[in-house]
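Starting from the known structure of chain A, fit chains B, C and D onto it as the hints suggest.
Protein chains: 4
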Amino acid sequence: MEFCHETKEVPGGLQSLPEHEIHEECGVFGIIGPTVREVSRDVGHGLYALQHRGQESCGIVVNDDGIFAAHRDLGLVGEVFTEQTLAGLPKGRMAIGHVRYGTTGGNSRSNIQPMMVHHQKGNLALAHNGNLTNALDLRDRLELSGAIFHSTSDTETICYMITRERLKSDSIEAAVLRAVRSLEGAYSLVMMSAAKLLAVRDPLGFRPLCYGRCEDGSYVVASESCALAVVGAAFIRDLVPGEMLVFSTETPDCAPVSYKDNCICKANDTRCPCIFEYIYFARPDSVIDGISVHETRVRAGRILASEFPAAADVVVGVPDSGLDAAIGYAAQSGLPYEIGLVKNKYVGRSFIAPSQEARTDTVMIKLSPVRSVLAGKRVVLIDDSIVRGTTSRRIISILREAGAKEIHLRISSPPFRHPCFYGVDIGTS
Amino acid sequence: MEFCHETKEVPGGLQSLPEHEIHEECGVFGIIGPTVREVSRDVGHGLYALQHRGQESCGIVVNDDGIFAAHRDLGLVGEVFTEQTLAGLPKGRMAIGHVRYGTTGGNSRSNIQPMMVHHQKGNLALAHNGNLTNALDLRDRLELSGAIFHSTSDTETICYMITRERLKSDSIEAAVLRAVRSLEGAYSLVMMSAAKLLAVRDPLGFRPLCYGRCEDGSYVVASESCALAVVGAAFIRDLVPGEMLVFSTETPDCAPVSYKDNCICKANDTRCPCIFEYIYFARPDSVIDGISVHETRVRAGRILASEFPAAADVVVGVPDSGLDAAIGYAAQSGLPYEIGLVKNKYVGRSFIAPSQEARTDTVMIKLSPVRSVLAGKRVVLIDDSIVRGTTSRRIISILREAGAKEIHLRISSPPFRHPCFYGVDIGTS
Amino acid sequence: MEFCHETKEVPGGLQSLPEHEIHEECGVFGIIGPTVREVSRDVGHGLYALQHRGQESCGIVVNDDGIFAAHRDLGLVGEVFTEQTLAGLPKGRMAIGHVRYGTTGGNSRSNIQPMMVHHQKGNLALAHNGNLTNALDLRDRLELSGAIFHSTSDTETICYMITRERLKSDSIEAAVLRAVRSLEGAYSLVMMSAAKLLAVRDPLGFRPLCYGRCEDGSYVVASESCALAVVGAAFIRDLVPGEMLVFSTETPDCAPVSYKDNCICKANDTRCPCIFEYIYFARPDSVIDGISVHETRVRAGRILASEFPAAADVVVGVPDSGLDAAIGYAAQSGLPYEIGLVKNKYVGRSFIAPSQEARTDTVMIKLSPVRSVLAGKRVVLIDDSIVRGTTSRRIISILREAGAKEIHLRISSPPFRHPCFYGVDIGTS
Amino acid sequence: MEFCHETKEVPGGLQSLPEHEIHEECGVFGIIGPTVREVSRDVGHGLYALQHRGQESCGIVVNDDGIFAAHRDLGLVGEVFTEQTLAGLPKGRMAIGHVRYGTTGGNSRSNIQPMMVHHQKGNLALAHNGNLTNALDLRDRLELSGAIFHSTSDTETICYMITRERLKSDSIEAAVLRAVRSLEGAYSLVMMSAAKLLAVRDPLGFRPLCYGRCEDGSYVVASESCALAVVGAAFIRDLVPGEMLVFSTETPDCAPVSYKDNCICKANDTRCPCIFEYIYFARPDSVIDGISVHETRVRAGRILASEFPAAADVVVGVPDSGLDAAIGYAAQSGLPYEIGLVKNKYVGRSFIAPSQEARTDTVMIKLSPVRSVLAGKRVVLIDDSIVRGTTSRRIISILREAGAKEIHLRISSPPFRHPCFYGVDIGTS
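Chains as they are written, first to last, in our numbering: chain A, 1 to 429; chain B, 1 to 429; chain C, 1 to 429; chain D, 1 to 429.
Among these hints, one or two may not hold up.
Within a straight-line C-alpha distance of at most 25 Å, the following computed DSS-like cross-link-like pairs (lysine-lysine) qualify [stated by the list, open to error]:
hint: 1; chain 1: B; residue 1: Lys345; chain 2: A; residue 2: Lys366
hint: 2; chain 1: D; residue 1: Lys405; chain 2: D; residue 2: Lys343
hint: 3; chain 1: A; residue 1: Lys366; chain 2: B; residue 2: Lys366
hint: 4; chain 1: D; residue 1: Lys121; chain 2: D; residue 2: Lys168
hint: 5; chain 1: C; residue 1: Lys343; chain 2: D; residue 2: Lys366
hint: 6; chain 1: C; residue 1: Lys343; chain 2: D; residue 2: Lys345
hint: 7; chain 1: D; residue 1: Lys121; chain 2: D; residue 2: Lys91
Just so you know, the hints here were simulated from the structure itself, not pulled from any lab data.
In isolation and in its complexed conformation, chain A is listed as follows (with noise of 0.2 Å):
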């Protein structure tokens, strides 16, 4: 493992910096609660829902009546959150975590989030997902009147900015409100104060966030609606686009209080909602602004079926991501829906590269067809998306291989034609 931290330093600072270097795709998680207790816990959890969202790092910070106290490392929630490092953490009311995902060559430590910072009026931990598209000049604004740096990401960004405003303002929720008006781009957050959980989602509403209510009264907030079940919450509502609600643990049943309307941006019908969210990102059983992200993939293979129909005899999805829109081109086709593809669970991010003699190949190592589903077949084949050719050219010789008579490939996701500023990582290979 290596953990460099690399930074360049080019007349007039980071600029220069490629966009898609200091992106964010990630998962938020907050919880706040009447009682003290093992609120670490509860955090895990809700991160291992959200685990899809990232894979780099991850990090919880507890807030112990006032005090707060963080862990955060590389690695996935199961690795870094083990007995011994949550028996570190205090108790407490309440807590935020974060996972992030990563981008080839910015494994930073410091950017690990929640990031947790301490200023003029106490401290602020601070879990952030989106990309900004005005980073860069508000860093240059920020370090132009004194700012350091110790991260690339953008989170640092909106603390200063939040902790800038929280000088001038009675309330962190009025510097939140006055901050966020500032950024441009993505956002969707979940802050702690000594005293108060804050959640903020972006005008434009391109990441999810959504909150609900345990039965012992916590409230949860979480990038997505499966994170809520794992910590026993019912989902209440997505925030709106352009709202902020603030828990406080001096409410005596923490309900929030919700800012929206004209409060960070005028009342707009406005969503720009990130495609990739229904297509990749999102877990199937995750609902975001009222539609179900299964539901949606299984209309896209409803919609396939209707406009591309292949006389075949089998429907085969590629796992898992595929899964979902072959039921849907089965359903509307008529035609069975079968497993014929098993995707191997064992082959995680260790992984032994084949000899240069090689005769096998990384596809074949993951993805094993099964002979009897596709044998003397014409199989229609579905996938969510095409990232890279080559794979799913290997996909399709390992069915032939198998004995597919016919394979008729069908991607349930629109063509990807233009590049994306908001926090989709688009890779240049």
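Relative to the frame of chain A, chains B, C and D by itself:
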């Protein structure tokens, strides 16, 4: 981690040890080829494919022109075999590997396989899947003649039986043939001497064992057919119960000599394949003794639908074990197949235990309902077996909380009535 | 291992934190040379030599033609800098390093040095040994002007002071000169900008700092002279209290420009070297401000022998801290010097605690008497200080059990009467 | 890390293996007491004291009322025995332990001791220090009678010899007495059966072995006397060459029965203590066969001063091995003893290799001169031996660079003329 080797010293030796402590559920793999190459990587890939048969420990022994080199440790294949540990293994024409299943308390280093011993005629490496029923008798007899045991596994007993016969035999194959005639119970063996690779399947064929051939002329032996393709080998056939295959580096094309028909046992058609291989152990993409595991499970689902139909709206399988049968049930009943439960693939062996004040549970953290599929529906829920009633009950309550109107639980395997002494671990709790 | 970052949020910020929690006892190192090379290894060797000044954490920042790359972690130099982590650091002409001393509870990752920050004019890496007495005042003032803090260390305060001045200065050296005029207390600093390496010693010279030159023209700055030789540098001189040295890659021979005499402080002869450097912190083979540490300790032993002679047969030092003084005592008194206690060099940071029914203790496990030296003898026992009376008492009983007839304990350092605020950690237990 | 178990399969077994690959330099320890307690911690402390005898691997076997539990691994005592691994070992009245020295290439897990085997009459755990000269003959004979070997160590041969005799003997002590009569070479053994602890020293007394008694009535056996005190045991005496001590839990006070005088060998006065124990292996605070190791080295220094005097100003020892002799040289010659070289105690097994453009070397990183002691002086430099001339040459050049005017190298051990077959590893490089 704790690596305790516990043994119980009682009058008369080890015979008072309960059977279930010395059982073995495992996967074996071997490869032999015409040229010297990084065979350790091939075995590693094969073990990836067999990982579902054993997650406690694994090992590889490479035969470097008569010199044996091993790496064996506790952990998953991807954890034990890193680039660093693979670099410590030599190239060679032959190698064998093993994955081992861990039972409570018995995670002993000294039981890690393949076993590698030195005897009067050279070295022997042996990988074993199965469970002998006369192991303690054999052990007693061996101890009376001066044998000492480093482990509690049947494998060491088999090593002794073979090496003792080797003293009196002209060849390793003659020694193996004699030795296995004394073994009672289940055993699929892959062995290696200085110049030969041997594979043996017990006369009743309890455990699977098959072999195939790569384009470069290498031969591969493996517990399941799914492990052949990952190294580019085409399936040839299963070993016949009571058969031994002998591959030699001295044969120009490595082609095996087969010993069956009265070599190990009288020619017979009695076969006792372990039903659990089809129900639970084997991977759905494997074909054992000519029968597709996936197909078997689908058929069980079909029969289930005929015998126990249900007036319902949707068929849902418990992932991963119930999915194949659910497809069969859906196909037979005409009800739509759906993904109603999503399994968290990141919750692995390290697990954050819920706190004492827990408002959640392990099942909920691992399995999440897809509301849009379940709400308001009459659901047929398919699983392969009921291991603990509590889990099934909890899954039903999760479906109910997700809005299922009716839930019809259907189990695709027959009831378990008698204990098994051939290598299936029957927990007592 | 637990890596908890704890902060206390109180009205008015951090000023209620007791001083001893933010102290720093450390070692700093820097190198700059005419050619690009594996400077990280040089710094690693330098940190080995300074390891006695701090065992909690360490770090290296390499300047790769303006790009900074760091590796910093908890642990000893030999644990943190493996071939693997060194391979992750680039070559360069300049690098700095730091070892940090750990105090109870404060083993925070965010306090690991060198600190590396981005500011309006580029990057700054900074390694600090010392303790400011006005850190909290400076911190308050910085927070009032919008600064946020990620750590609890003085180092971040110094970074802010310098980068704030940098906004208004033409050069990094001008900024440093202005900034350090605001600092009160002890500080030896080694810093790096894109093109310069800077070293500063506070006006009272509390902490040591010296420099030397290698044959290839490289310059080395280090806390102690013992760290120069390990990288092949010849000692030139200590920095004068209140001096700043500036080395630049743009100077052909890297030779430093010195700023002293009214640059940082008025020219003065007041020096306040920390007595603990000579008594305890520094290595005996170091020479600080022209005085050999070993020689100082030997002389203390000589004086002790004159002032407190003892009618005895042999002089024995408590290893390792009392050995130098014991040699002095022996030489002055004419009594033979002997090795009467052997220290177990394998008992390190991980330690098997005695059981509850203990018939042994920590002192006995670490120190063992040499019976043949002690039995029947009148022993003068020399130690440098009495940290806890219990240890001294236990050592005396060990000597007695080994047969010493009389034991005359002599302590070579004067009594400790007043607390220190400049970086010496005075435990309260 | 790499844990390779390499074996060479040759016609006729292992006899072509060069002796130096199967040698053993080690430390052994055993304890037996009247009450059940955390004996694993006692053994751990004993192994700390014996760590200098072997740093490659270590292990402890606890006898929990007849059940044996072991923890054995590669690494130092403090690394292998953490609170976690100790917690995995039961309490008991008896335990034994071992530290093992590692030679190039042979760091095999299967050679880690104590060895623990099951045989017809129960369990046997055995820790061995020494080297048999007839091991391969014995091994051949055992293999011919059906024995298989898991390791390449002599220890397994001894286990076999004892357990084979046990089949024909009424007691473990009778079996051991018979078995050891066949052993030729060096062996100090500590063994454990269900109810007894046994200690044996070979008839020529090559390797040390002594025992002592704690105040609570426990008895301790150890390679060196320095390991007795750390568990609170008072030294009783060395085992006489050719003696076996048998301690039993069935004896009320655990007091041993001694078997000597014609039991193992004919009564004789021939002793062959290994000179290297006094010169190099043993700790200076140990007393072996009535002779203090420190005293021996001091005396060697005195003789050296008489035979090879030098006109000099100061005597300096190479730490740590030359210090004792330097004290003797100084005392005899009347020259002052001084600390002229400081050893870096933090440079351990992990080491940052110098870069290719190296301006430094390993010796310089490990040893640092004390200039004030050396400059302008005529120095007598004392070391115990010359292992590699290059190191001595480099030390001399370091002293010269530090200003020494003359350097007189004196070596306290006699020249090494013939190879040794009893357990001293003679490198070929």
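Status of each hint after checking the structure:
1. B:Lys345 to A:Lys366: Distance of about 14 Å is within 25 Å: holds.
2. D:Lys405 to D:Lys343: holds, 22 Å
3. A:Lys366 to B:Lys366: Satisfied, since the Cα-Cα distance of roughly 22 Å is no more than 25 Å.
4. D:Lys121 to D:Lys168: holds, 10 Å
5. C:Lys343 to D:Lys366: holds, 18 Å
6. C:Lys343 to D:Lys345: OK: Lys343 (chain C) and Lys345 (chain D) at ~12 Å, within 25 Å.
7. D:Lys121 to D:Lys91: holds, 23 Å
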